[in-house]
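Q: Chain by chain, the residues:
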Amino acid sequence: MSGRSCEAAGCCGPAAAVDHGRSRRAIALTAAGLIAWGAIYAGLKPFADRATAALPLEPGGHAAEAVAFFLYDAPKVLMLLCLVIFAMGVVRSFFSPERTRALLAGRGEGFGNVAAAGLGVLTPFCSCSAVPLFVGFVSAGVPLGVTFSFLIAAPMVNEVALGLLFALLGWKVAATYLAFGLSVAIAGGFVIGALNLEGWLEEWVRAVRAGAVDVPVASQSAADRIAAGVAAVKDILGRIWAWILAGIAVGALIHGWAPAEVLAAIMGREAWWSVPAAVVVGIPIYSNAAGIVPVVEALIAKGAALGTVLAFMMSVTALSAPELLILRKVMTVRLLAVFVGVVGVGILCVGYLFNLLFA
Amino acid sequence: MKDVKVLGPGCKRCEATAEMVKTAAAALGLDVKVEKVTDYAAIAGYGIASTPGIVIDGKVVHAGGLPKEEDVKAWLAA
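Chains as they are written, first to last, in numbering that gives the first Met the number 0: chain W, 0 to 358; chain F, 0 to 77.
A couple of the hints might just be wrong.
Stated by the list, open to error - Listed below are several chain W residues computed to face chain F (Cβ distance under 7 angstroms; list not exhaustive):
#1 89
#2 92
#3 97
#4 104
#5 107
#6 127
#7 128
#8 130
#9 131
#10 203
#11 205
#12 207
#13 212
#14 214
Just so you know, the hints here were simulated from the structure itself, not pulled from any lab data. Glycine is no exception: its CB is placed at the ideal position from the N, C-alpha and C atoms.
Using the sequences and the hints, build the whole thing.
A: Take a look at the structure:
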């Protein structure tokens, strides 16, 4: 029984009272957790400095620099991610792919692409659901281009990527990534929609004429939504923590030892070819943003151009080989090629633009 | 006997959902037939957009993510 329907009925049965009690407790626990989080976070830097100083390392040397980077960044990144993923888990409990589909069905190109890209960020989405989602959208009357806007935004602009960029490179870079990621999704979907490629879908996808089914929405109390946030943290961090630590370790090595001149020559702004190279290299590499961003941060500290490195990151997340294999089940090779081409060109533009803007 | 179909391509969550249904049915002492539907076209035919989905006697009751245990019991008992 939901708290809302109960209030509307003007009653307060025992079940609702239990629900309210649970929600109050969950909110109090969340507030206490946030305060504890802040206290620990504030103590990270002094702790890392003292721990590094206590080790028998030459102050300011390669090893000391690498160790200090790791000791400070690893806990900092993990803590910030916990917070971002939790918040996103709570927000996402208000959305579902079925509800998003109902919002997008019958929308025209243009506004539909913008809405789809935004909803792609907010709707819970797991890559194993990509095929049912694609077919479910298209068969229920969501235009192909609008569906693509959703499908491009969902993996590329996610809370892990944004949280890590914010933690390691600051809010300006994170906000710019969000804006450009959405732009690529909107423009990419719009272009694909304008090409009228419905005929390039696999035969069986065109044959599905299910329409949308109304899935009853389970009522959720505040306690349920907070629990959803906690579950998201456990689920996502449980999958990616090893990637993050490995990424930070590589980043630490780069910080301590990689020669800045070499990196700047390969990935600096003067090397125009480095942006397309970054996109191409990024496609076969499969990692979520988790392992990539700490490396990215270290590369930038050593003189790599921001746009080049972000193009690499977008390519890794939005155009991954495993996802292409999954999408091959619903699209012909021709359509898949158009998808990769359009998104790749979009990412290229972002890379060059970034390099211009953050010069 | 209730006819339960768990829709999903065979990911971890789909397996877990099927197990939940079986456990809940056993706890309630209900006789159910649980069938996993893994074919994409068949899944799409039920009109859902996210997996795992649960269909009981031809009616979609859930789509997307692990269901709550008490919800599963309520659906089975209905």
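Q: Hey, does the residue 203(W) contact hint survive, CB to chain F under 7 angstroms?
A: 5 angstroms, holds
Q: Does residue 207(W) pass the interface hint, meaning its C-beta sits closer than 7 angstroms to a C-beta of chain F?
A: Holds: closest Cβ of chain F sits about 5 angstroms from residue 207(W), inside 7 angstroms.
Q: Does the interface hint hold: is residue 205(W) within less than 7 angstroms of chain F, judged Cβ to Cβ?
A: Since the shortest Cβ distance to chain F is 11 angstroms, the answer is violated.
Q: Restraint: residue 214(W) near chain F, CB-CB cut 7 angstroms. Satisfied or not?
A: 5 angstroms, holds
Q: Can we keep the residue 212(W) interface hint, with Cβ of chain F closer than 7 angstroms?
A: Holds: closest Cβ of chain F sits about 3 angstroms from residue 212(W), inside 7 angstroms.
Q: Holds or violated: residue 97(W) as interface residue toward chain F, Cβ cutoff 7 angstroms?
A: 5 angstroms, holds
Q: Could you check if residue 89(W) really has its C-beta closer than 7 angstroms to a C-beta on chain F?
A: Violated: closest Cβ of chain F sits about 14 angstroms from residue 89(W), beyond 7 angstroms.
Q: Can residue 104(W) be said to touch chain F, with a Cβ gap under 7 angstroms?
A: At about 10 angstroms, which exceeds the 7 angstroms cut-off, the nearest Cβ of chain F leaves the hint on residue 104(W) violated.
Q: Is the interface hint satisfied for residue 92(W)? The criterion is a beta-carbon contact with chain F at less than 7 angstroms.
A: At 10 angstroms from the nearest chain F Cβ, residue 92(W) fails the 7 angstroms test, so the hint is violated.
Q: Regarding the hint that residue 127(W) lies at the interface with chain F, is the smallest CB-CB distance below 7 angstroms?
A: 4 angstroms, holds
Q: Holds or violated: is there a CB of chain F closer than 7 angstroms to the CB of residue 128(W)?
A: At about 5 angstroms, which falls below the 7 angstroms cut-off, the nearest Cβ of chain F leaves the hint on residue 128(W) intact, so it holds.
Q: Does the closest beta carbon of chain F sit nearer than 7 angstroms to the beta carbon of residue 130(W)?
A: Because about 5 angstroms separates residue 130(W) from the closest Cβ in chain F, which is inside the 7 angstroms limit, the hint holds.
Comparing the model with each earlier hint shows violations of hints 1, 2, 4, 5, 11; every other hint is respected.
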